[in-house]
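Visitor: Produce the complete structure using the sequences and hints provided.
Quick note, the sequences are listed as chains S and W, same order.
Residue 349 in the working numbering sits at position 345 of the first sequence, with consecutive numbering throughout.
Residue 320 in the working numbering sits at position 316 of the second sequence, with consecutive numbering throughout.
These are computed hints drawn from the structure, not numbers from a lab.
Predicted model, so just to flag it, every value in this text is computed and none were measured.
Fair warning: there could be bad hints in the mix.
Chain copies aren't distinguished; within one or between two, either way the pair holds.
With a straight-line Cα cutoff of 30 Å, these simulated DSSO-like cross-link-like pairs (lysine-lysine) come out [unchecked claim]: (1) Lys-166 x Lys-350; (2) Lys-22 x Lys-350; (3) Lys-241 x Lys-52; (4) Lys-215 x Lys-74; (5) Lys-74 x Lys-241; (6) Lys-8 x Lys-22.
Number of protein chains: 2
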Amino acid sequence: MNTKLNIVPFVSVDRMMKLVLHIGVERFLTELAGYIEEDFSRWDLFDKTPRVASHSVDGVIELMPTSDGKLYGFKYVNGHPENTRSGRQTVTAFGVLADVGSGYPMLLTEMTILTALRTAATSAVAAKYLAPKNANCMAIIGNGAQSEFQAIAFKALLGVNKLRLYDIDPAATAKCRANLAGQGFEIVDCRSAQEAVEGAHIITTVTADKKYATILTDNMVGSGVHLNAVGGDCPGKTELHRDILLRSDIFVEFTPQTRIEGEIQQLDGDHPVVELCEVMRGTASGRTDPRQITLFDSVGFAIEDFSALRYVRDQLAATGLYEELDLLADPDEPRDLFGMLLRAAKANAA
Amino acid sequence: MNTKLNIVPFVSVDRMMKLVLHIGVERFLTELAGYIEEDFSRWDLFDKTPRVASHSVDGVIELMPTSDGKLYGFKYVNGHPENTRSGRQTVTAFGVLADVGSGYPMLLTEMTILTALRTAATSAVAAKYLAPKNANCMAIIGNGAQSEFQAIAFKALLGVNKLRLYDIDPAATAKCRANLAGQGFEIVDCRSAQEAVEGAHIITTVTADKKYATILTDNMVGSGVHLNAVGGDCPGKTELHRDILLRSDIFVEFTPQTRIEGEIQQLDGDHPVVELCEVMRGTASGRTDPRQITLFDSVGFAIEDFSALRYVRDQLAATGLYEELDLLADPDEPRDLFGMLLRAAKANAA
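Guide: Listed below in structure tokens is the structure:
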């Protein structure tokens with residue numbers, strides 16, 4: 005693959021869907037989770053630069069670069085809440101993986117779908133270390149675009165097969181249930197968040213409101229539960245009542261970023277949290293007590309995108325599910341860029 | 005154009021060459037220079053974030069974002085001096101232009117060729133304000149990949165028609181001369197930099213050595229000359245003897261960046277320089293005296309790439325010289341990303 009130096013493999017949205025379907029969503033999520041776990045375990049190798057954000061009144065455009073010294077990846081991602089009014093997505097993304105040794109891009113790929121997959125895979129990886137043993141019942145509060153990916157990731161990695169769904173919009177719940185039909189879940193539609201959490205071992209909150217919200221109040225969260233808080237992921241956007249946080253052991257991806265974007269923006273800046281990478285490396289404990297409330301305060305981090313780019317890149321040779329993009333000028337003579345232009349003129353005239 | 009929301013127009017290397025040839029190199033450079041001048045004139049509107057660099061032993065990968073509040077652009081560019089050993093380019097680049105209002109990319113394009121064009125156009129724009137009147141003779145020291153673009157930009161914008169070429173490698177000079185044949189230049193090959201500068205009104209230095217070099221010594225630069233120093237463009241890489249700088253009025257793109265990357269890294273941090281945007285807006289003077297030595301200390305800035313992206317984007321509708329890239333997942337229902345996957349499975353099975 006990629007013997008022509010001008011070519012960068014490109015995975016379009018169509019090819020990404022074919023790739024996910026070819027591999028199977030469950031297997032894709034399981035294997036991707038393996039890449040994420042591997043990269044979290046070698047956390048210290050990574051260049052963890054903050055994301056570079058360009059804010060405007062309508063939203064934000066961010067570049068999220070990272071590197072492990074051998075590979076370099078970045079994601080372009082926007083967030084524009086008003087986009088749905090014009091039939092556009094609130095969030096779209098694409099990304100690039102490059103070789104640090106030559107600086108040459110090795111992959112350009114859509115990342116809207118891929119981000120949904122990596123977010124779910126990361127939640128499930130965290131839950132492997134944090135959820136109570138034999139947890140098989142999960143409440144999903146918020147049944148939008150991320151909900152099905154969460155359900156399938158938890159089924160693939162933890163064996164979750166009972167879902168309790170709730171959304172303020174019953175149509176979203178109906179959509180989620182329909183999309184998950186025939187995939188081995190026992191699904192209960194609920195009329196409130198309170199009803200959804202009854203008997204759940206894991207509570208996933210993945211709502212979209214861009215404000216301080218209280219999807220869960222303190223009385224709703226019993227001992228022994230694992231909370232997977234996915235929706236609160238930017239400054240000013242949270243989902244859980246502060247009192248829940250105070251009763252929980254809190255696990256994060258990258259502390260400096262989560263302090264700004266996660267549920268813990270409600271807490272003092274020195275409130276103790278544990279980084280997931282420590283748990284995976286064995287330098288910190290995950291769940292130690294069946295009565296403990298564990299909270300994964302998910303915001304999404306560049307290394308997860310890096311893992312996803314790496315995983316997709318590794319699937320290309322076997323599946324052929326990419327196009328060849330003529331992205332890099334590669335003159336026969338490196339110092340003769342202008343001559344390349346002249347030769348193109350001759351070729352066009354011939 | 006671009007009515008399908010999933011599509012981003014893509015200009016490949018092949019399409020970029022066709023676009024440049026279709027428009028004509030001289031006209032392309034002239035019109036691009038107009039866009040650069042326009043953007044420099046509204047300099048204060050831009051979000052001027054520093055480039056985000058990821059350094060390694062082999063080189064650097066950089067992201068250069070900027071925005072004027074309506075459009076957002078970034079360039080990915082690498083610099084790997086050892087690449088030529090494996091038949092690769094030292095520098096390759098690509099870029100994206102996006103709509104700030106929606107965060108949606110509007111253009112993905114190769115930028116290796118485009119960067120060569122914008123660098124030359126910027127030099128010529130600067131020279132319009134700084135070179136002596138009726139300058140028609142230019143020395144080009146360093147006859148590599150950038151040299152022909154500089155020559156044609158100075159012909160297009162200033163009427164330069166006499167070239168005095170010198171390179172330590174005579175093969176590079178022969179290549180440059182051959183590439184410029186039939187384009188209306190009177191060309192003299194020179195055996196030394198000293199010989200090249202004789203009688204030249206403009207001296208362009210565009211050598212590639214990545215070290216402190218002295219391409220020009222003080223005695224070689226007579227009064228009234230305009231220096232266009234293009235090659236010194238990163239920390240530790242300069243081309244001019246320090247004494248020349250002390251005799252020159254120095255003009256830069258963005259002072260904080262040029263202090264680190266330009267010829268003026270040899271001077272004290274408070275040595276007076278003038279930003280080009282001030283000259284274009286009329287808040288500072290360009291050349292005021294025929295005996296003055298002016299120096300454009302070119303390092304390349306994100307706003308020039310932004311202008312280039314804007315210019316290319318504006319050529320697409322009329323020329324059709326782009327491909328449609330299926331880059332953005334755009335489900336019929338914004339909250340139903342997973343359903344889009346299921347529908348793709350059905351479509352594939354059908």
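Visitor: Indicate, hint by hint, whether the structure satisfies it.
Guide: Hints, one by one, checked against the model:
1. Taking the shortest Cα distances, Lys-166 and Lys-350 sit within 30 Å of each other only across copies (26 Å), while inside one copy they are farther apart (66 Å).
2. In this assembly of identical chains, the alpha carbons of Lys-22 and Lys-350 lie at most 30 Å apart only when taken from different copies (11 Å versus 40 Å within one copy).
3. For the identical chains of this complex, Lys-241 and Lys-52 are neighbours both inside a copy (23 Å) and across copies (28 Å), given an alpha-carbon limit of 30 Å.
4. Within a single copy, Lys-215 and Lys-74 get their C-alpha atoms only as close as 39 Å, which misses the 30 Å cut-off; across copies the closest is 26 Å, which meets it.
5. With identical chains, the CA atoms of Lys-74 and Lys-241 are at most 30 Å apart between copies only, with a shortest distance of 26 Å across copies and 35 Å within one.
6. Taking CA atoms no more than 30 Å apart as the test, Lys-8 paired with Lys-22 passes in both settings, with 25 Å inside one copy and 20 Å between copies.
The structure is consistent with each of the numbered hints, conforming to all of them.
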